[in-house]
Amino acid sequence: MTEPTAEMIQETKLYKSWGLSDQEFQTISNDILGRLPNYTETGLFSVMWGEHCSYKNSKNVLRKFSNKSERVLAGPGEDAGIIDIGDNQAIVFKAESHNHPSAVEPYQGAATGVGGIIRDIFSMGATPIALLNSLKFGELDDSHTRYLAEEIVSGIGGYGNCIGIPTVGGEIAFQSRYKKNPIVNVMCVGLIDHDDVKYGKATGKDNLIVYVGAKTGRDGIHGATFASDEFTDSKSTQRSAVQVGDPFMEKLLMDACIELVHEHSDWIMGIQDMGAAGLVSSTAEMASKASSGLILELDNVPQRETEMTPYEIMLSESQERMVLCIKPEYEQNITDFFTDKMLDAVVVGKVTTDGQYKIYQRGKMVCNIPISGLVDESPEYKRISVKPDRIADSKEQFRPEIKSLEDVWLKILRQPTIASKEYFYKTYDSQIKANTVVQPGSDAAVVRIRDTKKAIAMTNDGNSRMVYVDPFIGGQMAVIEAASNLVAAGAIPIGITDCLNYGNPEKPEIFWEFEKSVSGMAMAGKKLNIPVVSGNVSLYNEFNETAIYPSPMIGMTGLVEDIDNVITQGFKNSGDLIYLIGETRNEFNGSEIQQLQLNDVKGSLSKINVDQIKDRFELILDIINNKLINSCHDLSEGGLAVALSEATFENKLGFKCEVNMPKEYLFSETPARFVVSVSKDNQRKFEDIIGNNGAKIGVVTDDNRMNIKTIGAEATIELSVAMSIWKEAISCLMKKN
Amino acid sequence: MKFAVIVFPGSNCDKDLYFAIKDGIHADVEMIDYRSKSLDAFDAVLIPGGFSYGDYLRSGAIAAHAPIIETIKRMSALGKPIMGICNGFQILTEIGLLPGALIRNRQNRFICETVDLKVKNNQTIFTNEYEFDQTLSLPVAHGEGNYYCDISTLKQINDNNQIIFRYASDINGSIDNIAGIINKAGNVLGMMPHPERALEEMLGSDDGLKLFQSILKSHMNRVNL
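Protein sequences, first through last, are from chains D and P. 1 is the number of the first residue of the first sequence in full-length UniProt numbering; add one for each residue after it. 1 is the number of the first residue of the second sequence in full-length UniProt numbering; add one for each residue after it.
Here chain D stands alone, though its shape is the one from the complex (with noise of 0.2 angstroms):
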């Protein structure tokens, strides 16, 4: 093929369809270049300047997160986070979505999804600890929605089991709007000594740059553009845009540049994987870092096909690469160290101090821009934001209808979204490295680090419902209820990474959304004192023209100081004594049981006292680190009736309960509630601490029922019946066929 000339591009306007505006064409020809830039530079800024690289549409309002804590060690802009945990250690963590490929291929777009986020924690020099994610889909009578709940799911544990990474918790919800656009999030934790950490930076004259890893194909091209582009039924060619992992190449490479950094720190001075926007992406961003110049020499990139052209080199994202810039001496320890390995490592290219990105093929110059040009002066939009008209403002509440105590209760336990997600998680590997004390199915994972007394408590979170009923007290109902989760298993919250996924951000109503979700997210994060210190956008998330729900995703780590101190959500002894703690409220706009009885979610969410909420917490920690309760789960999807049920589950123990309250308000969602369980011995130290902060509403019982009394009802049930049903609910509609 040839490639057009500059002239061609410009007249076609061929950059449009690689998602270039013609002022952005304008801005690179006049204002950067000062002149037209040629195809393969077109194709470099065209991915660099696409959302996913850029954040252009995003970064105004990204600016509104705190990114700053005593504990922060590197917030964004690396491709971690990194938050100190004491004792010279620190725990390093991102979230990325992979959306768009999951949708055209599920099986690959979550698998490499887990691999990219896996290369960039031990890309910063950290061994990977656990991995989590955040999975959104249709409903499940739909067999479409079937086949890729199973396939995503299946991809998330292929990549994670065989890599050796425990995949140790996470969320899944459904909803008719992720039909055709599944959300697919995925969170990867690594722990790392401080003196340990690396930076992505090619810096220092004549120092070298190598390529490790897997061959370059021409898979996944234009992957990051793709990314930012809605989804209609007519484009069907985006299959090839999707990329295929090897896991048991990364697994090479992770341990390879694990112990590369340990053992040799002295032979590099950056490292950074390949990701979105392969080559051009890793080694532009690496040089800007350092204000560097680079030459580029394509003949050495190791190839898998014949007859690549630049633009398909630079613009791969063949899986399982990284990039590294040496010091020049070392050159030949570095390709017998990856050779013994079982790796290619390639010199392509080196640092120069120009400033300038110069690109080589057979002799031939086929770029030459300023790096600054492509990474830094990508445009920045502040986009119109209209508030939508679904956005309730009238106080009113949904008024749930119970004519069967019992038979809600029991309809709500099987709604999917509340239904153990076991046949999902029971295919993940959550075990490996004997670490995992808290497995998947409880409020949060936990992990303890070998060696010391210290766990690291991590969780996913986003309750789109809510987003879209109210963005602003949505978002903050998103950080509320991940820090809740790691309340409850006994860690402080120390930070977060998010993935923030919407619909098309030039539409006024959904850049509405993102902004103000983004704002109750920051003010949450703020007041609690939990710092933003990695994420990830993922915009255009539409199908045929209809947004998904608003959906951030928060992944939040907590730190537990003595993992004597983890507790989990299930009961623990018949005769303890059962107290709910924090009030609850005549709530249910964007609740499970307003879904589950008008079809849909809205009305508008009550104002939050995030001061109290944060009271409320280290009051939680408090009896947890003095050990006067044996359980404590947080309320959340389907409020008292499912806590209570799901409290019942882990040991098969039962209880009776009276609550002071009307039976509607069982199902009610106001949020950072916890229900715990007290020993008898413990009653009088446990009132005098929490005060009227919460309330006795019964005793844990080994009948195997659960009773519970409202005012004017009463329901007992079985709690066989409320298990199998809880238990078995997904996997009976995943086996229709």
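Among the hints, a few may not be true.
Claimed, not checked - Partial list, computed: chain P residues near chain D (C-beta under 10 angstroms):
hint, residue
1, Gly50
2, Glu113
3, Ala141
4, Arg166
5, Gly173
6, Ala198
7, Glu200
8, Met202
In short, the hints are calculated from the structure, not lab data. Since the structure is predicted, the reported quantities are computational estimates derived from the model, not experimental observations. We put the CB at the ideal spot given by N, CA and C, even for glycine.
Put chain P on the given structure of chain D with help from the hints.
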């Protein structure tokens, strides 16, 4: 007593086994590269779980041709204890040190859970610290853990008391619920469940500890004879 943990490209439970020996039974242990030619310095060989060579072709099939395999076979002939867990079990069947094969789980999905199994032979160097018919709670994590052998082999391993562990219920389609078997000579054990993940109550179970203690005790008894 000194243990070797064999590391193939793609092994991923190697460190867990290393810690099981070092912290679990406080014995000497070293990680040994798949290209090593000698295991003379070791008293026992552990083949870890994982995805050796990415499980490409068939789980264990490529590892079966790694340089160290001949050395492992020699160790086996000398009667040294050899234990393969999960992918290690798959490799041991591939190289013929154990009969049968591990095929796709009947449900055709990977499973990770903690399951009950029964000790069906406690008169071995691997299980002497357990009671006969004792129920153990051990994690499994595999996609190809469905043990299969032909009827005559099944009869043989039954007759020779080579079935060491059986699942308490059918979890993956394994014939006769077989979870672990031993060779006829009694020095090579293969099992799908992961005892190295069950050494501490904090992680859910410490039922795996006695397996490693059994190996250690058998060795000490032999040395002291």
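So, going through the hints one by one against the coordinates:
no., hint, verdict
1, Gly50, "holds, 6 angstroms"
2, Glu113, "holds, 6 angstroms"
3, Ala141, "holds, 4 angstroms"
4, Arg166, "violated, 21 angstroms"
5, Gly173, "violated, 16 angstroms"
6, Ala198, "holds, 8 angstroms"
7, Glu200, "holds, 8 angstroms"
8, Met202, "holds, 6 angstroms"
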